[in-house]
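Colleague: Sequence order for the protein chains is A and B. Each residue of the first sequence is one higher than the one before, starting from 1 at the first, in the numbering used here. Each residue of the second sequence is one higher than the one before, starting from 1 at the first, in the numbering used here.
Hints listed in this document are in silico derivations from the structure and should not be mistaken for laboratory results. Quick caveat, the model's predicted, so the values are computed rather than measured. Among the clues, some could well be false.
Under the rule of at most 20 Å between Cα atoms (straight-line distance), these lysine to any residue pairs were calculated in the SDA-like manner [said to hold, decoys possible]: (1) A/175 to A/98; (2) B/55 to A/124; (3) A/109 to B/52; (4) A/312 to B/55; (5) A/301 to A/222; (6) B/12 to B/84; (7) A/127 to A/137; (8) A/127 to B/90; (9) A/98 to B/58; (10) B/55 to B/16; (11) A/98 to A/58; (12) A/98 to B/90.
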Amino acid sequence: MSGVRVLVGTRKGAFILTSDGKRKRWDVSGPHFAGWEIYHMKGSPADPNRLYASQSSSWFGQIIQRSDDGGKTWHQPGTPPGEPTTTPDGMPKGESNKFVYDTSPETGKPLTTHQWYDGTPHPWEFKRVWHLEPSLTDPDTVYAGIEDAALFRSTDGGQTWQELAGLRGHGSGPKWQPGAGGMCLHTILLDPSDPGRIFIAISAAGAFRTDDAGKTWRPINRGLKSQYIPDPNAEVGHCVHRIAMHRSRPGVLFMQKHWDVMRSDDGESWQEISGNLPTDFGFPIEVHAHEPDTIYVVPIKSDSEHFPPDGKLRVYRSRTGGNEWEALTKGLPQRDCYVNVLRDAMAIDSLDKCGVYFGTTGGQVYASADAGDSWAPIVQHLPAVVSVEVQTLP
Amino acid sequence: MIRVVLPAHLRKLAGVDGEVKLDVAGQVTQRAVLDTLEARYPMLRGTIRDHVTQKRRAFVRFFACEQDLSHEPPDAPLPDAVAMGAEPFLVVGAMAGG
Chain A
1 MSGVRVLVGT RKGAFILTSD GKRKRWDVSG PHFAGWEIYH MKGSPADPNR
51 LYASQSSSWF GQIIQRSDDG GKTWHQPGTP PGEPTTTPDG MPKGESNKFV
101 YDTSPETGKP LTTHQWYDGT PHPWEFKRVW HLEPSLTDPD TVYAGIEDAA
151 LFRSTDGGQT WQELAGLRGH GSGPKWQPGA GGMCLHTILL DPSDPGRIFI
201 AISAAGAFRT DDAGKTWRPI NRGLKSQYIP DPNAEVGHCV HRIAMHRSRP
251 GVLFMQKHWD VMRSDDGESW QEISGNLPTD FGFPIEVHAH EPDTIYVVPI
301 KSDSEHFPPD GKLRVYRSRT GGNEWEALTK GLPQRDCYVN VLRDAMAIDS
351 LDKCGVYFGT TGGQVYASAD AGDSWAPIVQ HLPAVVSVEV QTLP
Chain B
1 MIRVVLPAHL RKLAGVDGEV KLDVAGQVTQ RAVLDTLEAR YPMLRGTIRD
51 HVTQKRRAFV RFFACEQDLS HEPPDAPLPD AVAMGAEPFL VVGAMAGG
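This is chain A alone, in the form it adopts within the complex:
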């Protein structure tokens, strides 16, 4: 019987929630990596037992963890204890948590600077991995979106990482600025119809696309408007919170921006589809597994509150690709609820009916086994949830 495995990253560890296809009874394992921030965990589409996790702390920095057995055991995919840390010719072996911007003359770009909050130049500094995106076809290939914003790739199961420096160095990098949460590359979408095409998004720079597997990049922000930047129609500088696509229709993108829910039908220009949403601010956006025009958002009150309007936790669903939205409230708290749902904290399974999951900063993970019509908490008292991913298991 098919089942699901929900991977939950929190401020103080990772949790793995499993259920059969009915998605009514759940087993909870964790905390894994107790006390560490788990910004993201994700499984390989090519091998569901291969999981990657980003483990970090302000004290001890970044760790990459890997599981080859569906989360039962984990290890750092670096040099095993007792083995030499240098190659026979004396070069240091790569370590799994080593993310170094590529400034080599052959493949890299000069480090230059990006803009700090006050507009002054600021050097690039690695802080953490926000998002891990395993390849659609190779379990050993995985992409990492990092802060300060850059894209890295590993082709050896997370042991060593190389920057795809064309993104940071394509030209607009010196104009990128951090958002309130830092200058993070948080979204990586791999086009299942074209191995060379990758979409990424950065707060607060915008969305970018490569058509040659990461060598060259260009901004795809036409139509985005950000009222408080000097040029509201600028090529970069937009605070994109999340983008999403449906596997069957990768040319169509949906975006939750810091103000405005947007849609692109050509992968480079956008129109607003906020419609009747109670607020056009929020973080996650997802697409139904079987209906490419059914999308989900969680409206959040901005600019500084960052909790649901009126204390009502509501997922909004559009079955028309945007503009017309319905509130999904059955099973969700409709009074005195002041949690947030962060950008990587929503996920969709591919069972029929499609399951929808999201986690809150209050430590609840909610699941819907009927495409959002009704909801129930899987767990209610975890640390603040940072990320939620789901694997549909055979």
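Fit chain B to the given chain A structure using the hints.
Modeller: Here is chain B on its own, set in the frame of chain A:
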């Protein structure tokens, strides 16, 4: 034999209980101790010192013999009691909320 005490999170990463004992070649300095530690436990690389700059991470401190050695030059000799193994070299996660 140099004795090193790691914070709980790093002991778990390294898969060790209690103190770590290291043979450090040459003069016993912060750099020599940390180089030896990372060679034996490569999973700790980047967690105490930055991978590139080799600077101590901001919230990590070094103590020995009731002294805060965090701001000592990395190539300065450690106290004799550490070099002789009478006292441990302490790697400490700075106390902070959160």
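Colleague: Evaluate each hint against the coordinates.
Modeller: To see whether the hints hold, each was checked on the structure:
1. Between the alpha carbons of residue 175 of chain A and residue 98 of chain A the distance comes to roughly 26 Å, so the proposed pair goes past 20 Å and is violated.
2. Proximity of residue 55 of chain B to residue 124 of chain A is assessed by CA-CA distance (about 16 Å); at most 20 Å being required, the pair is judged to hold.
3. Proposed proximity of residue 109 of chain A and residue 52 of chain B is supported: the alpha carbons are some 17 Å apart, at most 20 Å.
4. Of the supplied pair hints, the one linking residue 312 of chain A and residue 55 of chain B is violated, its CA atoms being roughly 47 Å apart against a limit of 20 Å.
5. The straight-line distance between the Cα atoms of residue 301 of chain A and residue 222 of chain A is roughly 25 Å, outside the 20 Å bound, and the hint therefore fails.
6. For the hint pairing residue 12 of chain B with residue 84 of chain B, the CA-to-CA distance comes to about 26 Å; that exceeds 20 Å, so the pair is violated.
7. With a C-alpha separation of about 29 Å, the suggested pairing of residue 127 of chain A with residue 137 of chain A is violated against the 20 Å cut-off.
8. For the given pair, residue 127 of chain A sits about 25 Å from residue 90 of chain B by alpha-carbon distance, which is inconsistent with the 20 Å threshold.
9. For the hint linking residue 98 of chain A to residue 58 of chain B, the alpha-carbon distance of about 17 Å falls within 20 Å, and the restraint holds.
10. Distance restraint check for residue 55 of chain B and residue 16 of chain B: the Cα-Cα separation of roughly 24 Å exceeds the 20 Å cut-off, and the hinted pair is therefore not satisfied.
11. This hinted pair checks out: residue 98 of chain A and residue 58 of chain A have alpha carbons roughly 16 Å apart, not beyond 20 Å.
12. The suggested pairing of residue 98 of chain A with residue 90 of chain B is violated, with an alpha-carbon distance near 24 Å, which exceeds 20 Å.
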